[in-house]
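*Asks:* One-letter residues, chain by chain:
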Amino acid sequence: MSSRGNPSSTPPVPESATAGGAPVLPPEGTLLTLLRRVAGSDYWLPLFVFIGVAAATATLYQALRERERAVITMVVAERSAKIREFIGSKTANTLQLLSRMGQRWDAAGGTPYEQWRADTSHHLNQLAGIKAFEWVDASYHVRWTEPSAGNEQSVGRAVHPDAAQAAPPHNTAAPGGTDTPFLDFTPGNGTIIAYCPLSKHGHSDGLLAAVLSLDELFARIARREMAQDFEVVISAREQTLFRHPLPAGAAVASLADHGVVEVNNKAWRVTVTPAAEFVASLQTLLPEVALGLGVLIALLLAALCRAELIARRHVGALATSEETFRSAMDSASIGMALVRPDGGFMRVNPALCALLGYQAQELLGTDLQSLTHPEDLERDRQCVQRTLAGESGRYRLEKRYFHSSGRTIWTLLSASLVRDSGGRPRYFVAQIQDIGEQKEVERLKSEFVSVVSHELRTPLTSVRGALGLMAGPLAVDLPHKFRELLAIAHSNCERLILLINDILDIDKVAAGKMRFNMQEARLADITRRAVEAIQTYAHRYQVGIELAPLDPQLRVTVDEDRFVQVVTNLLSNAVKFSPRGARVRVDARAADGWVRLRVVDRGAGIPQEFRARIFEKFSQADSSSGRRAGGTGLGLHISRQIIEHMQGRIGFETQVGRGTTFWVELALLPARAAAPPLPQPRSALTGS
Amino acid sequence: MRTLHTVLYVDDEPDIRHIVKLCLELSPGLSVELAASGAEALDSARRLRPDLILLDVMMPGLDGAATLERLRADPGLERVPIAFVTAKAMPAELARLRALGAADIIAKPFDPLTLATQVTALWERLAAEQPA
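For the protein sequence lines, the chains are A and B, in the order given.
Per the working numbering, the first sequence runs over residues 437 to 1124.
Per the working numbering, the second sequence runs over residues 468 to 599.
Everything labelled a hint here was simulated from the structure, so no lab data went into it.
Among these hints, one or two may not hold up.
What the hints assert, rightly or not - Simulated crosslink set (SDA-like; lysine to any residue; CA at most 20 Å straight-line):
#	chain 1	residue 1	chain 2	residue 2
1	A	949	A	876
2	A	702	B	574
3	B	488	A	676
4	A	518	A	663
5	B	488	A	902
6	A	526	B	574
7	B	488	A	911
8	A	1053	A	931
9	A	881	B	565
10	A	944	B	559
11	A	702	A	880
12	A	944	B	488
13	A	875	B	488
14	A	702	B	488
15	A	875	B	559
16	B	488	A	936
17	A	949	A	936
18	A	526	A	676
19	A	636	A	555
20	A	636	A	676
21	A	949	B	559
22	A	526	A	636
23	A	949	B	488
24	A	875	A	931
25	A	1012	A	1088
26	A	567	A	536
27	B	488	A	663
28	A	1012	A	972
29	A	944	A	1088
30	A	1012	A	944
31	A	949	A	833
32	A	881	B	488
33	B	488	A	568
34	A	702	A	672
35	A	917	A	876
36	B	488	A	707
37	A	636	A	649
38	A	526	A	627
39	A	875	A	976
40	A	944	B	574
Values in this document were obtained by computation on a predicted structure and should not be read as measured data.
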């Protein structure tokens, strides 16, 4: 057991947390509780504000996106129209060329081969996209080809019957002998063949065919700036004639523009699809910025809304709180006041007015100092200064005020300091309780104790003196039985004196009136005083006291008389509970700024069941043995109060049947130096 | 060092006066004179010139404190050491008595067998503190 355990210092446990031995849960489940909390809170309106603004923002975002898409669609359509126009123009020019060649054939009544060859070679060199010319005779067999090199196998080839059938009958030729060329596709190699019917002297003279490469023809188109960022696909009769792919990246099919180009009365379907990169270049961050700003504004508005709600609720709660406080203050049975840090009254309640005998307006025009008894001013000022300095949030003080009639009133002042959010002192909440009756009771009790003390001690002085003399030096002249009876009387007189002294000490401790004259002292000297004081007592019990040599450098700060009282008490206990002929040892050892003084006996030891309450009032291990040994059960309680008041510690170690060691620990002073701050307790001293 | 010869004990309680005389006279060579009041103490002190005066505190008429003041004011007696013997051992009372200039305070009830030793030790201490 150690005296350091202090049950009274255990922090109070909130009742709600320990009722029934388990935490008290809300009656509903967690989710339901949460919903109720939300429903009753300041969240709903801000939530609606947020949702409304966020929805408007989403609509705006969508509108901006649609507008942007419309712009892109318009740009794609413009580009697509230009591409279609260009395709139509190019193919028309080529077909017109072929038609003009046919008209010249008709006008000349046929063309000699060399002239035909020169004419076609000229066009092959001048016009990109025309790969070859052929003359198909009236029997639909190829007769001439240009260039002839590499096309020798084509000479004599029969023209596909479809092409021959596709050619309009000669008699349907346009007036002036001009026939419209017609087209034939050559699947798989990206070419088409344009046929122009020929006539000579009004009779069919076969067909003039031009082999056209669409890849070359439209590659030139694709290289133009207009189609650089687009995929262009030309198809007819469900067949792709030409594809201009994107150099890189993907196309945005959803923005593709579909159009038709009429080429020689045939519908070519032209699909222009913008590249994603091109689309991205036309897009802006405006919708995203608008969305982000909108969400931010929604959050801000929701937060502002909630802050406003909370502020309103707080204002309401504050008003309620102020009203409650005012009501409580006005109806309080003890005096209450709000006091500025400089002591001026800010608000007083009727009970305080009644206590001090002033009207409220009179008090509000003065301060606490003006009404305070001069002898209490300094203590009050110190308490206020310590509280303002932040050493504590409140203080209690017994002090006197002057009533308006001039008489003095004893009060208990409890003041709590209220600070603002910045930590600056605002005002004190002061509770002033009339303790005049309590003070009078204390005075009467003190007077009673004083009188009883004197009135008991006076006759006891005579009794003790007479018995002591008879039982001592005069006892040799008395019969044996008389000496025994005198010894009994003398012993019980000593018990009575001890009891009176202890009761007086207990009264002093309880009233906080035990005075301590703290001085620097040598441990060896004051311990020797205690040992000398107990020698006669020990001799009576036939127990020896062995004082080990103590280091004369060990110095402590104590009230010498009180310290001697404690050591004497420990020694008298050790003597009482030691067998006859035994020795009680007193020694000391120092470590780390502390010294432990030990009183070691070889008695019966302390029973386990008694150890926990050994320092309590009127505690004795065995009442019969206590009476036999002459104890009051107050000595250890008083000793602990004294030692703790001197910033020391007291404790014991015991073994039943082997003895007990009581110890006292005190902070050591450096030799011949001012007292330093007390060091912290050291476990090494308690564990031995 | 001068030996303690004469002690004047002042107390209104006759039993205690008698006990104190018996206790102190256990010490060989010590003469004890008694007085029953403050006024009587002043007369006895002037007449006997004791080495040491022991004063009870609570006495009718001149109490211990008033008697001490009179003795201190009396030429020839102002240097005689005075100790109080009191049953009123409350802290405030003890402090008051010390402030009056008492050489020591002996609490009642005292130990009859050690009282003489206690008084002798006080005398020796006072003698040691006085300049040679």
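*Asks:* Confirm or reject each hint.
*Replies:* Hints versus structure:
1. Between residue 949(A) and residue 876(A) the CA atoms are separated by roughly 16 Å; this keeps the pair inside 20 Å, and the hint holds.
2. In summary, the hint linking residue 702(A) to residue 574(B) is not supported, as the alpha carbons are separated by about 142 Å, beyond the 20 Å threshold.
3. The hinted pair formed by residue 488(B) and residue 676(A) fails the criterion: a straight-line CA distance of about 148 Å is larger than 20 Å.
4. Only pairs whose Cα atoms come within 20 Å are accepted, and residue 518(A) paired with residue 663(A) is accepted, the gap being roughly 9 Å.
5. With a C-alpha separation of about 11 Å, the suggested pair residue 488(B) and residue 902(A) falls inside the 20 Å cut-off, and the hint holds.
6. Between residue 526(A) and residue 574(B), the direct Cα distance comes to roughly 140 Å. Violation of the 20 Å bound is thereby established for this hinted pair.
7. Of the supplied pair hints, the one linking residue 488(B) and residue 911(A) holds, its CA atoms being roughly 18 Å apart against a limit of 20 Å.
8. This hinted pair checks out: residue 1053(A) and residue 931(A) have alpha carbons roughly 17 Å apart, not beyond 20 Å.
9. Restraint check for residue 881(A) and residue 565(B): not satisfied, since their Cα atoms lie roughly 24 Å apart, outside the 20 Å limit.
10. In summary, the hint linking residue 944(A) to residue 559(B) is supported, as the alpha carbons are separated by about 11 Å, within the 20 Å threshold.
11. Under the criterion of a C-alpha separation no larger than 20 Å, the hint pairing residue 702(A) with residue 880(A) is inconsistent with the structure, at around 132 Å.
12. A distance of roughly 33 Å separates the Cα atoms of residue 944(A) and residue 488(B); the hinted pair therefore is violated under the 20 Å criterion.
13. With a C-alpha separation of about 42 Å, the suggested pairing of residue 875(A) with residue 488(B) is violated against the 20 Å cut-off.
14. At most 20 Å may separate the alpha-carbon atoms for a hinted pair to count; residue 702(A) and residue 488(B) exceed this at roughly 158 Å.
15. For the suggested pair residue 875(A) and residue 559(B), the alpha carbons sit about 17 Å apart, so the restraint of at most 20 Å is met.
16. Between residue 488(B) and residue 936(A) the alpha-carbon distance is near 25 Å, which puts this suggested pair outside the 20 Å criterion.
17. Restraint check for residue 949(A) and residue 936(A): satisfied, since their Cα atoms lie roughly 17 Å apart, inside the 20 Å limit.
18. This hinted pair checks out: residue 526(A) and residue 676(A) have alpha carbons roughly 18 Å apart, not beyond 20 Å.
19. Distance restraint check for residue 636(A) and residue 555(A): the Cα-Cα separation of roughly 18 Å lies within the 20 Å cut-off, and the hinted pair is therefore satisfied.
20. At most 20 Å may separate the alpha-carbon atoms for a hinted pair to count; residue 636(A) and residue 676(A) exceed this at roughly 37 Å.
21. Distance restraint check for residue 949(A) and residue 559(B): the Cα-Cα separation of roughly 9 Å lies within the 20 Å cut-off, and the hinted pair is therefore satisfied.
22. Using a Cα cut-off of 20 Å, the hinted pair residue 526(A) and residue 636(A) is violated, with the two alpha carbons roughly 29 Å apart.
23. This hinted pair does not check out: residue 949(A) and residue 488(B) have alpha carbons roughly 35 Å apart, beyond 20 Å.
24. For the given pair, residue 875(A) sits about 33 Å from residue 931(A) by alpha-carbon distance, which is inconsistent with the 20 Å threshold.
25. Of the supplied pair hints, the one linking residue 1012(A) and residue 1088(A) holds, its CA atoms being roughly 16 Å apart against a limit of 20 Å.
26. A C-alpha spacing of about 18 Å is found between residue 567(A) and residue 536(A), which places the hinted pair at or below 20 Å, so the restraint holds.
27. The suggested pairing of residue 488(B) with residue 663(A) is violated, with an alpha-carbon distance near 141 Å, which exceeds 20 Å.
28. Simply put, residue 1012(A) and residue 972(A) have alpha-carbon atoms about 13 Å apart, close enough for the 20 Å limit, and the pair holds.
29. Between residue 944(A) and residue 1088(A) the alpha-carbon distance is near 25 Å, which puts this suggested pair outside the 20 Å criterion.
30. For the given pair, residue 1012(A) sits about 26 Å from residue 944(A) by alpha-carbon distance, which is inconsistent with the 20 Å threshold.
31. Restraint check for residue 949(A) and residue 833(A): satisfied, since their Cα atoms lie roughly 16 Å apart, inside the 20 Å limit.
32. Between residue 881(A) and residue 488(B) the alpha-carbon distance is near 35 Å, which puts this suggested pair outside the 20 Å criterion.
33. Taking the CA atoms of residue 488(B) and residue 568(A), the gap is near 165 Å; set against the 20 Å cutoff, the hint is violated.
34. Between residue 702(A) and residue 672(A) the alpha-carbon distance is near 8 Å, which keeps this suggested pair within the 20 Å criterion.
35. Of the pairs offered as hints, the one joining residue 917(A) and residue 876(A) is violated, with about 51 Å between alpha carbons and a cut-off of 20 Å exceeded.
36. Proposed proximity of residue 488(B) and residue 707(A) is contradicted: the alpha carbons are some 143 Å apart, above 20 Å.
37. A threshold of 20 Å between alpha carbons decides the hint, and for residue 636(A) with residue 649(A) the separation of about 29 Å lies outside it, so the pair is violated.
38. Proposed proximity of residue 526(A) and residue 627(A) is supported: the alpha carbons are some 15 Å apart, at most 20 Å.
39. Only pairs whose Cα atoms come within 20 Å are accepted, and residue 875(A) paired with residue 976(A) is rejected, the gap being roughly 45 Å.
40. Our distance criterion of 20 Å between C-alpha atoms is met by residue 944(A) and residue 574(B), whose separation comes to about 17 Å.
The earlier numbered hints that this structure contradicts are 2, 3, 6, 9, 11, 12, 13, 14, 16, 20, 22, 23, 24, 27, 29, 30, 32, 33, 35, 36, 37 and 39.
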